[in-house]
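Undergrad: What follows is each chain in one-letter form.
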Amino acid sequence: MEKKNNAIFQRILENRNKVLTIVFLALIMVIVGNLKPWFGSYWVRVFNTCCIYSMVTMSMNLVNGCTGIFTMGSPGFMCIGAYTTAILTLTPEVKDAVYYLSPIAPWLRELNTSFPVALLLGGLFAAIAAFIIGFPVLRLSGDYLSIATMAFSEIARVIMLNAQSITNGPIGITKIKNHVTVWVAFMALVSVYVLLRLLMRSTYGRALKAVRDDPVAAEAIGIPLFRTKMTSFIISGFIAGIAGGLLASLVGTIDANQFVYSYVNQFLLMMILGGNGSMTGSILGSFVITTALEVFRFMDEPIDFGFWKYPGIGGMRMVLFSISLMLIVLFWEHGIMGSNEFSWDRIIERVKKLVSSIRGLFKRKEEQA
Amino acid sequence: MNVLETRHVTMRFGGLTAVDDLNIVIEEGEIVSLIGPNGAGKTTCFNVITGIYQPTEGEVFFYGEKLNGKRPDQVASIGISRTFQNIRLFKTMTVLENVLCATHFNRHSGLFSNILHLPNALKEEGLNRDKALKILDEVGLAQYADWKATSLPYGLQRRLEIARALVSEPKLLLLDEPAAGMNPKESDELADFIFEIKDKFHITVFLIEHHMKLVMKISDRIYVTQYGKTIAMGTPEEIRNNPLVIQAYLGEEG
Ligand SMILES: Nc1ncnc2c1ncn2[C@@H]1O[C@H](COP(=O)(O)OP(=O)(O)OP(=O)(O)O)[C@@H](O)[C@H]1O
Ligand SMILES: [Mg+2]
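Chains as they are written, first to last, in this note's numbering: chain A, -11 to 357; chain B, 66 to 319.
Pulled out of the complex, with its shape left as it was, chain B reads as follows:
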């Protein structure tokens, strides 16, 4: 079953075409990467999938359900979670509270039971707290639960953002440059971490990344974009040997 499918998705900002006729298919359980030079339209692609932008043309499907017209919170509530290129944590809250926020949409108790702290609301809060603590434990942040989120070191902030994305038990996880600012050792750890959460949470992962070593190591398939256009798609081996890619992407760096 296709988890995600974009059909002829185009996103224009005025005269600029950030994403041009994008056709991506991701199957259940895959780890798929999207790579390309700066300004290639990768983040814009995530923003279209998650409903921040409505595509100028084309359609997006999630398990066959059309996402066009849905707001970001609706997209999140049907099982797509994401992280951001420039980390976005709730800065006045603790690590635990950051994770708890992502359980809000899934609540069964109403406003009044929550204000009055009625038993059903308290019970739900307790369950959510346990769940959040369990996730924090799994990503290795349990000991920081009561820290201010922004007082964590950079690498752990990234982990926290992933923990927050995972607590709602999504089916698809979108990671926007999770290794940005990490040294080679940290990015190796991140690769293991992504494998680990993929198996533990039975999720499909779609990620944008610049660190080629990481991409080659973890991806089942890779899409390469340039100026909004997809110029190649294939396994890491195929991409490594694709002359177009070498010219457009790797050539630029090396």
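In isolation and in its complexed conformation, chain A is listed as follows:
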């Protein structure tokens, strides 16, 4: 009997990481499943937003962190995905009500798809946009490249603002049905994370890293620079497009000005806080900052300290946000994860170190006594 127990224990030890992952996932799923009863619908919404922002941050990390090309086009791709999903999921009757000032183009009015199809098409259009702008933009380098991608975001926004019969112009689109349940957001996040991790472990992921580490050497061993950058850029655009679609559905209304180019700063901060090149870090960064921005909402409102009445300055939390970006870049450039990914081995090593250092502390006390 004892022998048998030992054997089972041995098997568990051998598959320690797998077992830990299953336990961890089960735990997370229990939390996700009970998010509403435990925390209420306000925090459910925050959680969904965190998931969506994590996707955007990861998509940005794929290009900026993993491939080493500093792009800032996420708002543009999100914008394309958001409008596609919004327009395709509204029924013709609702469209008539939403486009009250000037009617929607007749061919668009009849177009109506299910939510998943709309999402995928949104991602696809964003990917096509990435492909098209990639040709001129990815041939640039350094600052010029960042500026060009930022310009793309602005162009996308201005087009949406003015294509009245398609996008309803400055009024924006309302009455978008919310399909983003906790599970939809969570599963979208997990799929993107898993796919990107798998990508980065494959020969394609190594090619991206090679281009980042040393483009000259990469080219000299047969890795085509432009094509490799393009692959990364298109995948990134696709993911950002899907995230945009999810966001449109979650929020219920969209308007082009929401996707102003400076929107990208937020994802930049999440990426850097999490760690440049780490997908796990991107998720952590997004959750920390999105939650912090919610928690710090009180800073925009008046507070009575008793001895001093803080009048509540609108946008105060954004000031805090910008300062923290500066501080992180200055003093903590590797972020939470550096360029490492989640690994049980590393966590266990850390815990062991912690335990032994605590033990050491106690031992010293004993010796002194």
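These are calculated hints, taken from the structure and not from any lab test. One or more hints might be untrue.
[Said to hold, decoys possible] Ranges between beta-carbon positions, derived for each pair:
| hint | chain 1 | residue 1 | chain 2 | residue 2 | range |
| --- | --- | --- | --- | --- | --- |
| 1 | A | GLY348 | B | HIS182 | 40 to 46 Å |
| 2 | A | SER179 | B | HIS173 | 22 to 28 Å |
| 3 | A | ILE116 | B | HIS267 | 56 to 62 Å |
| 4 | A | ILE116 | B | PRO218 | 46 to 52 Å |
Beta carbons: idealized from backbone N, C-alpha and C, even for Gly.
Take the given structure of chain A and dock chain B with the ligands to it, following the hints.
TA: Frame of chain A, contents of chain B with the ligands only:
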């Protein structure tokens, strides 16, 4: 059959002529050296062959195929590998991953099979891994496979760069000052190593080198350049006794 041939290759940067009317012919199985004082245009010559620069004038042929207009990655994929004067390794990657990167262009599985780790991609990855480990074993780096590439000592980094260049089974290997920074013993070992890989991989070697002892020992023929111009060509014996070379190159050092 001529492995490499440059016909009247000239490379100008603005007013500076770095390579001037270069005519090199290298035959299969040879070890040929290119020597010359600093700034003679040797590295520029490699950069023109490998497509980093397009020559201002002249043509480059590889097994009769014209290389003009080809990008570096295209040149690499038809069988020319190189190393760099200042070592260029992928610094965030392990030794094994560095070598694996050079198998990327030769893949048969597509993006989706690789992302989804489908059987064909996994099989190919496995084969490439075996190949990379075998090369690492042959250059004596097998025990360092999981080390960060940049944590290797200098001499081994050079070997790793050569291993990375070899894994794609090139026909021509260009080595830019492989003995730079090595002591006499290490550079002797390097000479043996170059002979060894030449026989093992059936490659032709074209190298730039300053260590005269090494050059004289391993070269079948030597080209000497100065200010971009070829001033002499011949066997080590001929070069050693060429008055022009003694004056231009050896004289300067001694
Ligand atoms: N991209 C470039 N732009 C302008 N000038 C260049 C460029 N590349 C090389 N040169 C110049 O061309 C000349 C030859 O340089 P090259 O690097 O080929 O010399 P080298 O023979 O390899 O010298 P060394 O022995 O120091 O490595 C030098 O004067 C160098 O400054
Ligand atoms: Mg040189």
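Undergrad: Compare the structure with the hints numbered earlier in the document and write down the numbers of the violated ones, lowest to highest.
TA: 3
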